[in-house]
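Enquirer: Sequence:
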Amino acid sequence: MFTRRQPLPESMDAALVSSFETPEGLQIVPTAVTAPGPGEVVVRMAYAPIHPADLVSLRGRYGVVAPLPFVPGLEGSGTVVRSGGGLGARALVGRRVAVLAFFAAQGTWAPFVTVPASHCVPLATGVPLKRGATLLINPLTAMGLLEPGQVAHGSVLVTVASGSLGRMIMGWGRHLGLHMIGCVRREAQREALKRLGHAEVFNAATPEFPAQLRILCRRYRIHTALDATGGALVGHLLDHLEEPGRVVVYGLLEREPAPFSGFPVIFRDVQVSGFWLQRWWAGRSLVERLRRAVTVQMKSEIFSTDVQATVPLAHLKEAIALARHNRSEGKVLLRLDPTLED
733 MFTRRQPLPE SMDAALVSSF ETPEGLQIVP TAVTAPGPGE VVVRMAYAPI
783 HPADLVSLRG RYGVVAPLPF VPGLEGSGTV VRSGGGLGAR ALVGRRVAVL
833 AFFAAQGTWA PFVTVPASHC VPLATGVPLK RGATLLINPL TAMGLLEPGQ
883 VAHGSVLVTV ASGSLGRMIM GWGRHLGLHM IGCVRREAQR EALKRLGHAE
933 VFNAATPEFP AQLRILCRRY RIHTALDATG GALVGHLLDH LEEPGRVVVY
983 GLLEREPAPF SGFPVIFRDV QVSGFWLQRW WAGRSLVERL RRAVTVQMKS
1033 EIFSTDVQAT VPLAHLKEAI ALARHNRSEG KVLLRLDPTL ED
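Take the position in the sequence shown, starting the count at 1, then add 732; the result is the number in my numbering.
Take these hints with a grain of salt, some might be off.
Said to hold, decoys possible - Cross-link-like lysine to aspartate or glutamate pairs, in silico, DMTMM-like; alpha carbons within 25 angstroms at most:
(1) Lys1049 x Glu986
(2) Lys862 x Glu1073
(3) Lys862 x Asp1001
FYI, nobody ran anything at the bench for these hints, they're computed from the structure. Source: prediction; values computed, not measured.
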């Protein structure tokens, strides 16, 4: 284990994005290890997931485009090995943590990452590092989308209910006593959600779904829809949600975002808003952040993430291909510490 008195390596082999134009713009190259400043810590990384938002960032299309070159990766897990000073940072040395790399100069796809101590959440005893790697972004998004005041009525429609985040939203909503209605794109996904106990799940890929949506919104009095597509479905939701209605867009999974008619926004009492976890997280107090992180660790039956593969960082291109083409099979984790065994 590293301590504050042991030297950090000067460099490491990390993922680095140097261009958005070609696949060669992402490479594993020697990269400097950044020394921590006051209030910061260095985490020796164990695992990091490949999220859809990470894939978008590789193309330079994320909400905040980091200056080139940069290390990608929004979250992960590891052990704090160095403090830059400050009570909170020093208290984390030696602790296993989940890490958020929001607004950091470098991301988590590297053996070492330097982040503010406030972006680290200590892992409870018994929570493995693999689970810690996906402990924050999806669970906190589910919590933020359904926090008190966000949902004015009891029924909520979730447009991409079959993915890791969609299942968390469905499960957390049901835990809160909300009536959750899910939309998927394949019949097998519909059956899988039903086996998890979700009674109302519908296939949005069928030709009759746009007409069916009108009936669903009236039958279940749906005023709120949570959408991860950012595509044509947004327009259908605005046409058919009960009034007052709101579509909250929190993802851009559709490759070709479709414009929607302004008619319902003008003549119906409906609106579109966006949810971005980084902005929401920045507005939470330290006490609230810790409280939510504890809840996530305690509610493993809701906030667990399926993992389809763990891939060494050296095989990054293969890992990205898996994450892009087999998204419904579970997350792909990058193994960043070669001494770990799967």
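Enquirer: State for each hint whether it applies.
Expert: Comparing the hints with the structure gives:
Annotation: proposed proximity of Lys1049 to Glu986 holds, straight-line Cα distance about 22 angstroms (limit 25 angstroms). The hinted pair formed by Lys862 and Glu1073 meets the criterion: a straight-line CA distance of about 11 angstroms does not exceed 25 angstroms. Restraint check: the Cα-Cα separation between Lys862 and Asp1001 comes to about 44 angstroms, which exceeds 25 angstroms; the hinted pair is violated.
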